[in-house]
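Listed below, chain by chain, are the residues.
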Amino acid sequence: MSDLYLIFIFIYALLIVTRTSLVELFYFLPVLMALILLLKPKRALFKHLGFLLGFEGLLFILALFTPGKPVVTTPLGVITYEGIQRFSLLLGKAFLSSSAVVVVSNSLGFPYILAEMETLRFPRILVLTLAFTYRYLELFEEETLRMKRALDSRAFNIGKIEYYKKLGMLIGEIFARAYMRSVRIHWAMLSRGFGEFPKVVEEKRGEPIVLTLIALGVALL
Amino acid sequence: MIELVNVHFSYNNREVLRGISLKINDGEVFGILGPNGAGKSTLIMHLNGILKPKMGKVIVNGIEVNKNPKEVRKIVGIVFQDPNDQLFSPKVFDDVAFGPYNLGLRGRELEERVEKALRLVGMEGYKNRETKELSFGEKKRVAIATVLAMEPEILVFDEPFANLDFRGKKMLRELIEKFRGEKTIILSSHEAEYLTLCDRIALLDGGKVIKVGSPEEILGNADLLREHNLDVPPLVDLFSSLGLEIPKSIEEAKRKLKKVLI
Ligand SMILES: Nc1ncnc2c1ncn2[C@@H]1O[C@H](COP(=O)(O)OP(=O)(O)OP(=O)(O)O)[C@@H](O)[C@H]1O
Ligand SMILES: [Mg+2]
Chain H
10 MSDLYLIFIF
20 IYALLIVTRT
30 SLVELFYFLP
40 VLMALILLLK
50 PKRALFKHLG
60 FLLGFEGLLF
70 ILALFTPGKP
80 VVTTPLGVIT
90 YEGIQRFSLL
100 LGKAFLSSSA
110 VVVVSNSLGF
120 PYILAEMETL
130 RFPRILVLTL
140 AFTYRYLELF
150 EEETLRMKRA
160 LDSRAFNIGK
170 IEYYKKLGML
180 IGEIFARAYM
190 RSVRIHWAML
200 SRGFGEFPKV
210 VEEKRGEPIV
220 LTLIALGVAL
230 L
Chain C
23 MIELVNVHFS
33 YNNREVLRGI
43 SLKINDGEVF
53 GILGPNGAGK
63 STLIMHLNGI
73 LKPKMGKVIV
83 NGIEVNKNPK
93 EVRKIVGIVF
103 QDPNDQLFSP
113 KVFDDVAFGP
123 YNLGLRGREL
133 EERVEKALRL
143 VGMEGYKNRE
153 TKELSFGEKK
163 RVAIATVLAM
173 EPEILVFDEP
183 FANLDFRGKK
193 MLRELIEKFR
203 GEKTIILSSH
213 EAEYLTLCDR
223 IALLDGGKVI
233 KVGSPEEILG
243 NADLLREHNL
253 DVPPLVDLFS
263 SLGLEIPKSI
273 EEAKRKLKKV
283 LI
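Chain order of the listed sequences is H and C.
Going letter by letter, the first sequence gives residues 10 to 230 in this note's numbering.
Going letter by letter, the second sequence gives residues 23 to 284 in this note's numbering.
Any given hint might turn out to be false.
Pairs of lysine to aspartate or glutamate residues, derived as DMTMM-like cross-links and limited to a Cα-Cα distance of at most 20 angstroms, are as follows [claimed, not checked]:
(1) C:Lys270 / C:Asp227
(2) C:Lys113 / H:Glu125
(3) C:Lys191 / C:Glu273
(4) C:Lys92 / C:Asp187
(5) C:Lys113 / H:Glu151
(6) C:Lys113 / H:Glu171
(7) C:Lys278 / C:Glu249
(8) H:Lys56 / C:Glu155
(9) C:Lys113 / C:Glu155
(10) C:Lys270 / C:Glu204
(11) H:Lys56 / C:Glu152
(12) C:Lys154 / H:Glu91
(13) C:Lys154 / H:Glu150
(14) C:Lys270 / C:Asp187
(15) H:Lys157 / C:Glu155
(16) H:Lys51 / C:Glu152
(17) C:Lys233 / C:Glu249
(18) C:Lys154 / H:Glu125
(19) H:Lys49 / C:Glu152
(20) C:Lys79 / C:Glu137
(21) C:Lys278 / C:Glu267
(22) C:Lys230 / C:Glu25
(23) C:Lys113 / C:Glu152
(24) C:Lys191 / C:Glu152
(25) C:Lys276 / C:Glu238
(26) H:Lys157 / H:Glu171
(27) H:Lys51 / C:Asp48
(28) C:Lys74 / C:Glu25
(29) C:Lys200 / C:Asp48
(30) H:Lys175 / H:Glu152
Example chain H residues on the side facing chain C (calculated, C-beta under 10 angstroms, incomplete) [said to hold, decoys possible]:
(31) Lys51
(32) Ser108
(33) Gly118
(34) Glu150
(35) Lys169
(36) Glu171
(37) Lys174
The set of hints was computed from the structure by calculation and includes no laboratory data.
Every value quoted in this text rests on a predicted model; they were computed, and no experiment measured them.
We put the beta carbon where it would ideally sit given N, CA and C, even for glycine.
Chain C extracted, bound-state conformation (with noise of 0.2 angstroms):
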């Protein structure tokens, strides 16, 4: 479990984390919803220790994260919200490896740990190819992939699906479906519609906690959504106006208009 106590954060004596309070359990997938600037990126990498709070607390299975970083990095495996941030190997198998490599594993364990995670983001054949002749979207899969490769606990992902395309988006919400119940997996957003899939939400906005709730209650909210420069997905409009309740995605929001029009 995962619990921030009055988070407060600030770059250069600007504040931009202000009294964060929040309990994240085992095994949910748990989105946080805000526009640009919100602090969204700045609260995820206080989850593993990577930036510290001037006042406040984080608590991870137990363990408060700045006094043992350490042992919360094994646990927590964050995937930066740009993939230039996280690749810095030449080579795309040596920044896979990277992470499994400082866990202690090697030769063919090394290779089947880095092959099969490079597999679960549809990047298998890209073992040799140089990390910076990659677009955009495969280096995001890439650096997915470095994360998958520590079969962490906690799986964070900042902003996983902007510049993915069709294919890239399935595989992720694939990969949320198949790990779902199995892992605790956080997602970070600033569209909505990407969030439908979680079980709850929490809506950021100038670095406080707007609002927790289920995707009805944050999602399914037009006028809060608005208020907070969040645009409100279109299916999810549909089905709350209806008094539905909002789809995980399309193809379940296909079967429930059929049931309701047959």
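Isolated chain H (complex conformation) (with noise of 0.2 angstroms):
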């Protein structure tokens, strides 16, 4: 059951990362939505995929920035018409197949679908990066939750200025917490077996359909 989803996942996830236009998106919400309907994840997860977006929009936000027709002038630069056009292909595109990842390892269990991946031999590089968007995801809400607290706490009497130029700051300082506390969690896969152990003779197809699907998404990526 749970291989049926990966297939799914990644022929889903390989259709959206090639669409070109913003309007083809939109064709892929009433899925992700069919997909929502079907699993009928927990509440809280979506608390979790508005984080998701805040965090992937975090991301992209360079991208506003690109050369062109001015919409906006921010004291970080000019904002074009060109630049919103693809800062929300690149969200749209990163949230809806991430979101869809969380969604469904989120119903079947996380560890099963890495260790599912790892004996239909996907690349390793994939299940790994998948693991730590992932894990990353949550270390950084966690790690900014954490943060802002100590934060909060201890800034008394400073202006809305000063306050927000110091969770700026926070902010880099998290990025480099979120990516050593992942490195240690790599650590406790790997001191569990996480990629280590023979795994146990379940003679798996090989799947030469689904490894030339995920070969070719790695190549758009």
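Dock the two chains into a complex; use the hints.
Below you can see the structure in the form of structure tokens.
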């Protein structure tokens, strides 16, 4: 069963990343909705998806400043029409594909998905990337909360601007911390036999089509 | 048996392990005592090849860790200092199941293994809870369960007692007693009082082994402990100044004192 979902995700993600216009992306929204209805995730997941959207938005923010027809001028630079388009396209692709992964792995149990991908001989780098995007997100969320609390509990008597400046500085630090932590989590996974122990002899068929699709997907990304 | 031979390690050119040599015997409860930054966690991560020595080698049951980390990771189970580094699944069950799943367990067998491990740490009701909603101490217990579930021959705990409440500490002591003699158990701590239950203790400071010996020799030496910024536990102080053998637990201390007094 989880095999089927995996194959679905990859085809779906592959189709998404190859889209070139925003309109085409909209057709995938109902697919994601259907997936959510089908798997009926817990409510907490939606908060998670909201955070994912914010995280990815932050990641692509530079795209807003693509040279082109100006829309507004901000202290950071000129936001252009082309920039907004590029930003929305990137964000749409990233969000639609990653949220499908999050929804599926949340309902089926993330470690099984990972282990399943390994037995299906998905490329190791892909398995790891997926593992980390997922965990990184949570870490980022946790670390942000923790540091914001730390800041708030000591940030009295400072002006709004000062406060936001400090907050901005924290974000860089949060990235670094979340990274360090994801390294240590990788260690913990290795310690518990991730990708190390010989797999049980469950003769899995090679799934050549899936493999080709994934290879294609990776190449496209 | 675990053998470290002249192990050196540095993080970005800053040397933190400076020639560690140690032998830990089968079935031994072995303590690693040292102040903050002594290199305890770094040393522990060498025991299953997560970190690789820049010089020297680590040998577990005759296998050189660097040459075959896969084999060694089945033998050595490590519980990391910070449970947030250890747990990565949304649900408790999934996280505990991860190790045994990698070992090839499936279905009912896998479930039983997970339940048994959770029971051992007193977390049987937490199977379906979300990992990130647990308190720190609860996470710590689950982290211990993730390793117990793999039933490794050698159990390594990095600062296991820190942040556990009275019941948690008691649970951990009972766990250690349960496996005493059957498995090799390695514990680290910067608090001497948690290591009274060890058969032998290595005092580590500045990336070097200062001394290896029995609890009497290490914990009973108040000057040595103070010299290395470590607390002398009151009970240990009392017993060693009376020239008595250091008790492994409060219960044992009570028994011994009664014998002396009556
Ligand atoms: N990832 C890292 N990068 C650089 N230096 C590090 C890193 N991890 C640890 N260190 C340094 O290595 C030294 C030993 O650290 P380690 O964590 O092994 O100490 P410890 O004995 O476990 O301390 P504690 O009692 O605080 O847990 C410390 O000085 C620490 O600052
Ligand atoms: Mg440590």
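How the hints compare with the structure:
no., hint, in the structure
1, C:Lys270 / C:Asp227, "violated, 24 angstroms"
2, C:Lys113 / H:Glu125, "holds, 18 angstroms"
3, C:Lys191 / C:Glu273, "holds, 14 angstroms"
4, C:Lys92 / C:Asp187, "violated, 35 angstroms"
5, C:Lys113 / H:Glu151, "holds, 16 angstroms"
6, C:Lys113 / H:Glu171, "violated, 39 angstroms"
7, C:Lys278 / C:Glu249, "violated, 29 angstroms"
8, H:Lys56 / C:Glu155, "holds, 14 angstroms"
9, C:Lys113 / C:Glu155, "holds, 10 angstroms"
10, C:Lys270 / C:Glu204, "holds, 18 angstroms"
11, H:Lys56 / C:Glu152, "holds, 14 angstroms"
12, C:Lys154 / H:Glu91, "violated, 40 angstroms"
13, C:Lys154 / H:Glu150, "holds, 11 angstroms"
14, C:Lys270 / C:Asp187, "holds, 19 angstroms"
15, H:Lys157 / C:Glu155, "holds, 18 angstroms"
16, H:Lys51 / C:Glu152, "holds, 11 angstroms"
17, C:Lys233 / C:Glu249, "holds, 13 angstroms"
18, C:Lys154 / H:Glu125, "violated, 24 angstroms"
19, H:Lys49 / C:Glu152, "holds, 17 angstroms"
20, C:Lys79 / C:Glu137, "violated, 37 angstroms"
21, C:Lys278 / C:Glu267, "holds, 9 angstroms"
22, C:Lys230 / C:Glu25, "holds, 15 angstroms"
23, C:Lys113 / C:Glu152, "holds, 5 angstroms"
24, C:Lys191 / C:Glu152, "violated, 23 angstroms"
25, C:Lys276 / C:Glu238, "holds, 18 angstroms"
26, H:Lys157 / H:Glu171, "holds, 14 angstroms"
27, H:Lys51 / C:Asp48, "violated, 47 angstroms"
28, C:Lys74 / C:Glu25, "holds, 14 angstroms"
29, C:Lys200 / C:Asp48, "holds, 15 angstroms"
30, H:Lys175 / H:Glu152, "holds, 15 angstroms"
31, Lys51, "holds, 9 angstroms"
32, Ser108, "violated, 15 angstroms"
33, Gly118, "holds, 5 angstroms"
34, Glu150, "holds, 9 angstroms"
35, Lys169, "violated, 31 angstroms"
36, Glu171, "violated, 30 angstroms"
37, Lys174, "violated, 28 angstroms"
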